[in-house]
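Undergrad: In the order they appear, the protein sequences are chains A and B.
Quick note on numbering: full-length UniProt numbering labels position 183 of the first sequence as 183, and the sequence is numbered without any gaps.
Quick note on numbering: full-length UniProt numbering labels position 334 of the second sequence as 334, and the sequence is numbered without any gaps.
Be a bit skeptical, because a hint or two may be false.
To be verified - Only some residues are given here: those of chain A computed to face chain B with a beta carbon under 10 angstroms:
no. : residue
1   : GLU38
2   : PHE58
3   : ASP66
4   : SER91
5   : TYR102
6   : SER106
7   : MET175
8   : GLY177
9   : LYS202
10  : ILE264
11  : THR273
12  : PRO274
13  : THR301
14  : ASN302
15  : TYR312
16  : ALA495
Unchecked claim - Pairs of lysine-lysine, PhoX-like flavour, derived with a Cα cap of 20 angstroms:
no. : chain 1 : residue 1 : chain 2 : residue 2
17  : B       : LYS784    : B       : LYS854
18  : B       : LYS112    : B       : LYS667
19  : A       : LYS42     : B       : LYS514
20  : B       : LYS768    : B       : LYS637
21  : B       : LYS768    : B       : LYS870
22  : B       : LYS530    : B       : LYS393
23  : B       : LYS854    : B       : LYS870
24  : B       : LYS112    : A       : LYS354
25  : B       : LYS315    : B       : LYS393
26  : A       : LYS483    : A       : LYS195
27  : A       : LYS497    : B       : LYS526
28  : A       : LYS507    : B       : LYS839
As the list claims (entries may be wrong) - Cβ-Cβ distance ranges computed for the label pairs, FRET-style:
no. : chain 1 : residue 1 : chain 2 : residue 2 : range
29  : A       : THR225    : B       : ASP832    : 53 to 61 angstroms
30  : A       : SER275    : B       : GLU280    : 36 to 44 angstroms
31  : A       : THR459    : B       : LEU560    : 54 to 62 angstroms
32  : A       : THR459    : B       : TYR495    : 39 to 47 angstroms
Please keep in mind that the hints were generated in silico from the structure rather than gathered at the bench.
Glycine residues also receive a C-beta, built at the ideal position from the N, C-alpha and C atoms.
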Amino acid sequence: MKIKRILYRSAFVAAAAVLTSCGTNWLDESPNNAVDAEGAIKNVSDLINARIGMYKAFKGTSDLTDYYSQQMFVYGDVHGDDMQYNNEFGSNRAGTYYYMEYTTASSFGRTTTPWQSPYITIGRACRIIEAAEAGTMTDAEESAADIAQIEAEAKVLRAYCLFDLTRIYGKPYTMDGGESLGASVVTTSLESTEKPVRSSVKDCYTQILKDLNDAISSNALYEGTDDTGYINVWAAKALLVRVYLTMGGTENLNNALITAQDIITNSPYTLWTPSQYATAWDKRSAAHGNEMIFEIAISGTNDWTDRNGISYLCDPDGYGDVIVTKSFYDMMQSDPQDARNGILIEGADNTKAKFGDARPYINKFQDAADTRLANLPMLRLSEVYLSAAEAALALNKKDIAVPLLNAIISNRTTDATKLVTEGNITDERIATERRKELVGEGQRYFDLLRRGEQIVRYTDVNNRGWHDILAEDARAFDRNSYKAYPAIPQYEINANKNIQQNDGYGK
Amino acid sequence: MVKRFAMILTGLIVSIGTALAQSEISGTVISEDTGEPVVGATVSVVGTKTGGVTDLYGQFKIFVPEGKKQLHVQFIGMQPQTVTARQGIKIVLKNDTHAIDEVIVTGYGNFKKSSFTGAASTADLSKLEDVPMISLEDKLAGSVPGLQITNTSGAPGSVSSVRVRGMGSINAGNNPLYVIDGTPVSSGNINAFSGPGDGYNDSGTSLLSTINSNDIESITVIKDAAAASLYGSRAANGVIVITTKSGSRGKTHVDFRSDWGFSKSAVNYRPTLNGDDWRELLYTGLKNYGLYQGGMSEENALAFADRNIDQFAAKPANGWTNWKDLLYQTGHHSNYQVAVNGGSENTKFYSSLSYTNQDGILLGQGLERFTGNANITHTFGKFTLNLTTQFSKMNQRLANEGASFDGSVANAAWMQTPASVAFNEDGTLTGNTGSALNRGVNPLYETLHAYDKSDIIRTFNTIKLSYNIWDNLILSEKIAYEYTSNEEDVLWDKYSNNGSGFNGLLQRQAVTNKQLNTQTQLSYIKSFGKHNVDALVGFETEQNNSAYNYLSGYDYPGDLYELTNAGTTSAESNKEEYKLVSLLGRVNYNYANRYYAGLSYRTDGSSRLAHDNRWGSFWSISGAWRFSDEKFFEPVKSIVTDGKLRLSFGVNGTQPSSLYGYMNLYKYGEAYNGSSGMGIVGIGNPELRWEKNRALNIGLDLTFIDRINLTLDYYVRKTTDLIYNMPVSAIPGYYEGSEGYVTTPMNIGSLKNSGIEVTITSNNITTKDFTWTTSLNMAHNSNKLSKLNGEDNEVISGLLIHRVGEPYYSYYAYEYAGVDPATGKEQYFINDGTENARKTTTNVAEANKVIVGKHQPVIEGGLTNTLRYKFVDLGFTFTYSFGGDAYDYATWLHQNGGSYNYNGAIPSYYKLGDMWTGPGDTTAKLPKFEYGSTGALSSRWIMPADYVRLKSLTLGITAPRKYTDRIGLSKARVFFSASNLFTIKSKDLFVDPEMPIDGLCTFETPQLKTFTFGIELGF
């Protein structure tokens, strides 16, 4: 009996010991949808995967709506004066910067404030740049050109994001020469626990220019124009023009003009003609690629942003959150021969009571099958012309400015009397063409800030056009109002004690 | 439960009985109390191993060997008797006035409460069989001190949150471990598309709601470390041990029960202003805008209001709409159940079938469930084989509850206004109500053109073979397999608002969860004189596989929505697995049932942690002392009839909830421009360790005059290495999950819970015709974040702040300081820590946030009364909670006239009569209502969460035996029952007091007030 007992016990203990040692390996598990980051980028095909992931972050998703998937466009247009929230028929996705009812950082959430997605993009870009520069990929030599191209694209997107953040959170460079706080400059992959501070607007621009100029001078960027969904060398240069123009000042405007002229002269792009304009926005249109330098490419339900995409917010059969203002509409109507009237469309029947026969919705995010599959225009040749004209005039080079602006006018309206001469060209005229040309592309508000103009939604509460009644500080304001800049979102303040808040929003 | 224990003992004794018949004696055992036969009483011949059990009529037959005359008769709950045997003897058993000793089922052995060293409570669910609650957790409400049950939604089958002694963890999960008949099971949400608070519905689908609670014998809640540590890495939040019904030896019983009834909302949820008051308020707000923002004269301001009021509040031709009446419904329910149990000497069985159908109180909500259950035990030689199988099929219909366009709750409380219309002039439902907040979406119309249906199948099967090796040394092997699947279809047809853009969209997600548990146990229970030993060693494995297949298809040519008809389809899938390996051991010893000691140890290995941090050790020590058996206690023993002191201390843990949280991952499927790429998403934490929970419990059990039981427990639970999805800066660019929350899992600090629990049970009256038992329990828990690692001493997450030294759910907001007499705006205390702190400002940006409230109540618990007078029985349970706060987090409604107010319904607390009337009004209770105003997260929106609720009530009438016997029935009873019959709460709490776990209330389906009529028949 005694032996038996010991036997049982020892057998059990031995069995347990064996099982425990097996157990540790039995316990190894790994996910089916991801790979260990350590050594994830082994060769150029991994780097290509990471490149896709970077553009995906830039594009956003139906959950990550703070950037170009949705709010960046809303911010750039609805915060300004030419577009508004469609208060009676919209879905409340474009009201934040229209009503400007925000008072503290808590009013700025993850879905309404461009902050998280640009930084996801920057983080992914940094990892690509680090992987490329480490030179440890197994095919580093034979794929050197591809690796260099992807690295240069990463630098351009990193600059793109930092530029947007800087002009959202910082005061305009033209206002104080970059003294105010901009965004955080990130140039390496960070630990998740880091709590970065904001840099001055000036330092932000230094980094933006460095990344863009490095990418361009590397000569690694693609020069073809057949792949508009990715950054090519012309996209980098077009962005550089936008940056220089935003910074202002003689030297930067000069650089803007030189860079713009480089694109106009040397790139294969041509402006859309009046007959092409209204339908060229659809990626299936033959003329589409003529003018489109860079766009966010959407191909299907796997990479769309669904109903949260800006295209659905503009679609009168979608959410229809965003419309042009009545004053802008009337301005467009003043030249019936302007082809740009063709991108204005009417709403559903239930909106007729308010809008009558007017066509307040814009149709720049076109796709014949489903608006949600429309590509999003980011950089177009016409903006380069307009920027060049504005810079040239500011530099008092009317002889250069006039043909640049007339190139736009002649390709937009068939009314030849609209063409300008050195005698009648004005800065305001260039600005008006810019409003008409870029409406709905998220540029107007930044132009207003850059130019230091008053932002007036309506002047008479009893004659508001299509506007809702607005609080006084939202009805009219300028770049001196604290509400012209969002707060650093509360979720960032909560997690990052080092980050400095914008004025007016408390601590 | 008690009964079953008796039966098993009986079975053992009987099986030893032999037929060395000298004389056969028959007799009857009856109860003195009821005069009715005692079924299942054990009759044994003193000095022999011969015995028997009384049958359904209380009769027994027993062989009495030569020279033996004494018969011993016993039955749990009655005083045992020894009588001299004679033919035809009638033995009358008296009730045992000692309160019936609860049995504590730990899953690793059963203990009488009198010998238990830890802290645990047992709820007897048989009292609640009449109450038609789908949720198992709901049935526990009010019966166990220290158990907090909260519901995000009142939808049938929705997920509840259960906390044992406060929250011991944060992100690693706070729900206790559920154990059914000794095997840990999956619990929580099995909804394919969403969990509480997000997705297409907010209620989720509780896995536990697949269980027919009438198949449950009892539930033991293990609260301290003594017994819980044997569950190791999953026990930090307590263990809920469910014991299902099993067969008993004797005549086969058939029990049939059925009930029918209806439900309504238990509270007047978020009442809104009626049309006329609403219009008047909006009118005033426009006038105020003209006066105070537009600088208009009174006359011009009125003209301005006249001109603009109809944009917001034009009275419809058919009068104002009452959306609440349209969107809330009276839910009907019915239940049918039949259970059969019985057994022979070697084989016992229990089986049941049930059908339940219950509507929710929102249009489109409902649940239908079929369950089947079988439990068979067979003994042969030294082996005992136990087989159990539970099968459920459940169809849950869900409604959208959140702030989406077609969410009924949000539509009734906010998105629709008295001026928006549900019907066209011809009486048909309109597709456009005219509401500006949700683009005119008509939730009534949408319910006809959309659905969210879950089809859940769950089976849980176990087989256990025990081998009695020698003496009381038993080896057992158990294999349990649990399979759950949920196929959820979300349809938006081509006429619906959501689906029209797709020309119809059907999304289908099939989720499966499979769990295999093996348990090998060697146990030894033996008494050596006054020394009693109970030891156990075990080896266990757990393997869990979950998977989902997501399919979607849109563009349908007709009105038939199956993916095969769709023009465009897409799919997505993934699989995950985790494992756990464990070794455990336990020894309990007691001397003369006076001194008790226990020791347990378990080591777990988890696949969720990095190789080096994978193994964790968990242990406990415990002891108890029955001081009432000591000599010095003799003088008071007539009053304090029993007294015991208990002490336990131990460590258990929690695994991270993320399966691969320790790894840095490049995730695939990051799609752009038609290609799938990869991107860094979350940064893992390779240092991630077990969360450890140290629990100390000191308990005192006293029985006074054999009638009143008092149980008192004091505990301290300290969780260290707390795992938390720490909010991190967005700048490094990492996030969690597809929704993109900017967090990363870390071991961040410590959380401390301490508290006191008291249970008083009193047998007020115990006579033959009248019994009355009262049980009161109270619990106080104090929760405090005691340490945060790193440089911060607080973590802020939305309105919540987790600050060292404060309760976990503390509300961090501006402190409201009433109405500014000059401007009529909201004022806030500056709270800047200087001498200006108590000065006020109307500019919220100048104020500073402070902790303005906490969700944790001071005291909560339940009061249960059970009465029986002759053939009438009455039982009712109150639940209560005092001293906690809740927060109205529907911030859209807080604007004092902002755009969300103007385009939606307005809560009825916006009383025009209480509002500021003009400069210098110092008596205003409410700020000015003005178009274009803004709101702020301030203490103004704190709600008192105090309540008392009649959680359940049952009134039954049982036909006397003498009548039912004649028609061949052993039992016939009719009953009425009700749940949440009334609720006493503050009028400032305009939501249901049973609310989300953090007390942040937006739009949730309130609890159901249910009325039920039923019958119960036994054959």
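Undergrad: With reference to the structure, classify each hint as holding or not holding.
TA: Hints and how they fare:
Hint on A:GLU38 holds. Least Cβ distance to chain B is approximately 7 angstroms, under the 10 angstroms limit. Satisfaction of the interface hint for A:PHE58 is found here, the shortest Cβ-Cβ separation to chain B being roughly 8 angstroms, below the 10 angstroms cut-off. Checking A:ASP66 against chain B by beta carbon gives a least distance of about 9 angstroms; that is within 10 angstroms, so the hint holds. Proximity of A:SER91 to chain B holds as hinted, the smallest CB-CB distance being about 6 angstroms (cut-off 10 angstroms).
The beta carbon of A:TYR102 comes within 8 angstroms of a beta carbon in chain B, closer than 10 angstroms, and the hint placing it at the interface holds. Annotation: interface hint on A:SER106 holds; nearest CB of chain B at approximately 6 angstroms, less than 10 angstroms. Given hint, A:MET175 at the interface with chain B, is violated; its Cβ is 22 angstroms from that chain's nearest Cβ, farther than 10 angstroms. The beta carbon of A:GLY177 comes no nearer than 25 angstroms to any beta carbon in chain B, farther than 10 angstroms, and the hint placing it at the interface is violated.
The beta carbon of A:LYS202 is not positioned within 10 angstroms of any beta carbon in chain B (closest approach about 19 angstroms), and the interface hint is therefore violated. With 10 angstroms as the threshold, the beta carbon of A:ILE264 stays out of range of chain B, its nearest partner Cβ sitting at about 27 angstroms, so the hint is violated. At about 27 angstroms, the closest approach between the beta carbon of A:THR273 and any beta carbon in chain B exceeds 10 angstroms, and the interface hint on this residue is violated. Nearest Cβ of chain B to the Cβ of A:PRO274: about 30 angstroms, over the 10 angstroms cut. The hint is violated.
For A:THR301, the interface hint holds, the least distance from its beta-carbon to any beta-carbon of chain B being 5 angstroms, beneath 10 angstroms. Using the Cβ-Cβ criterion of 10 angstroms, the hint placing A:ASN302 at the interface with chain B is satisfied: the shortest such distance is roughly 5 angstroms. At about 8 angstroms, the closest approach between the beta carbon of A:TYR312 and any beta carbon in chain B falls short of 10 angstroms, and the interface hint on this residue holds. A least Cβ separation of about 4 angstroms between A:ALA495 and chain B falls short of the 10 angstroms threshold, and the interface hint therefore holds.
In summary, the hint linking B:LYS784 to B:LYS854 is supported, as the alpha carbons are separated by about 11 angstroms, within the 20 angstroms threshold. Distance hint between B:LYS112 and B:LYS667 is unfulfilled; the C-alpha atoms sit about 53 angstroms from each other, more than 20 angstroms. Annotation: proposed proximity of A:LYS42 to B:LYS514 is violated, straight-line Cα distance about 36 angstroms (limit 20 angstroms). For the hint linking B:LYS768 to B:LYS637, the alpha-carbon distance of about 27 angstroms lies beyond 20 angstroms, and the restraint is violated.
Between the alpha carbons of B:LYS768 and B:LYS870 the distance comes to roughly 8 angstroms, so the proposed pair stays at or under 20 angstroms and holds. In summary, the hint linking B:LYS530 to B:LYS393 is not supported, as the alpha carbons are separated by about 51 angstroms, beyond the 20 angstroms threshold. For the given pair, B:LYS854 sits about 48 angstroms from B:LYS870 by alpha-carbon distance, which is inconsistent with the 20 angstroms threshold. At roughly 77 angstroms between alpha-carbon atoms, B:LYS112 and A:LYS354 are farther apart than 20 angstroms, so this suggested pair is violated.
The hinted pair formed by B:LYS315 and B:LYS393 fails the criterion: a straight-line CA distance of about 48 angstroms is larger than 20 angstroms. For the hint linking A:LYS483 to A:LYS195, the alpha-carbon distance of about 25 angstroms lies beyond 20 angstroms, and the restraint is violated. Using a Cα cut-off of 20 angstroms, the hinted pair A:LYS497 and B:LYS526 is violated, with the two alpha carbons roughly 62 angstroms apart. With a C-alpha separation of about 17 angstroms, the suggested pairing of A:LYS507 with B:LYS839 holds against the 20 angstroms cut-off.
About 58 angstroms separates the C-beta atoms of A:THR225 and B:ASP832, a value consistent with the hinted range of 53 to 61 angstroms. Distance hint for A:SER275 and B:GLU280: a CB-CB separation of about 57 angstroms, inconsistent with the stated range 36 to 44 angstroms. Evaluation of the 54 to 62 angstroms hint for A:THR459 and B:LEU560 yields a pass: the beta carbon distance comes to about 56 angstroms. For A:THR459 paired with B:TYR495, a C-beta distance near 43 angstroms keeps the hint of 39 to 47 angstroms intact.
Violated hints, listed in ascending order, are 7, 8, 9, 10, 11, 12, 18, 19, 20, 22, 23, 24, 25, 26, 27 and 30; each of the other numbered hints is respected by the structure.
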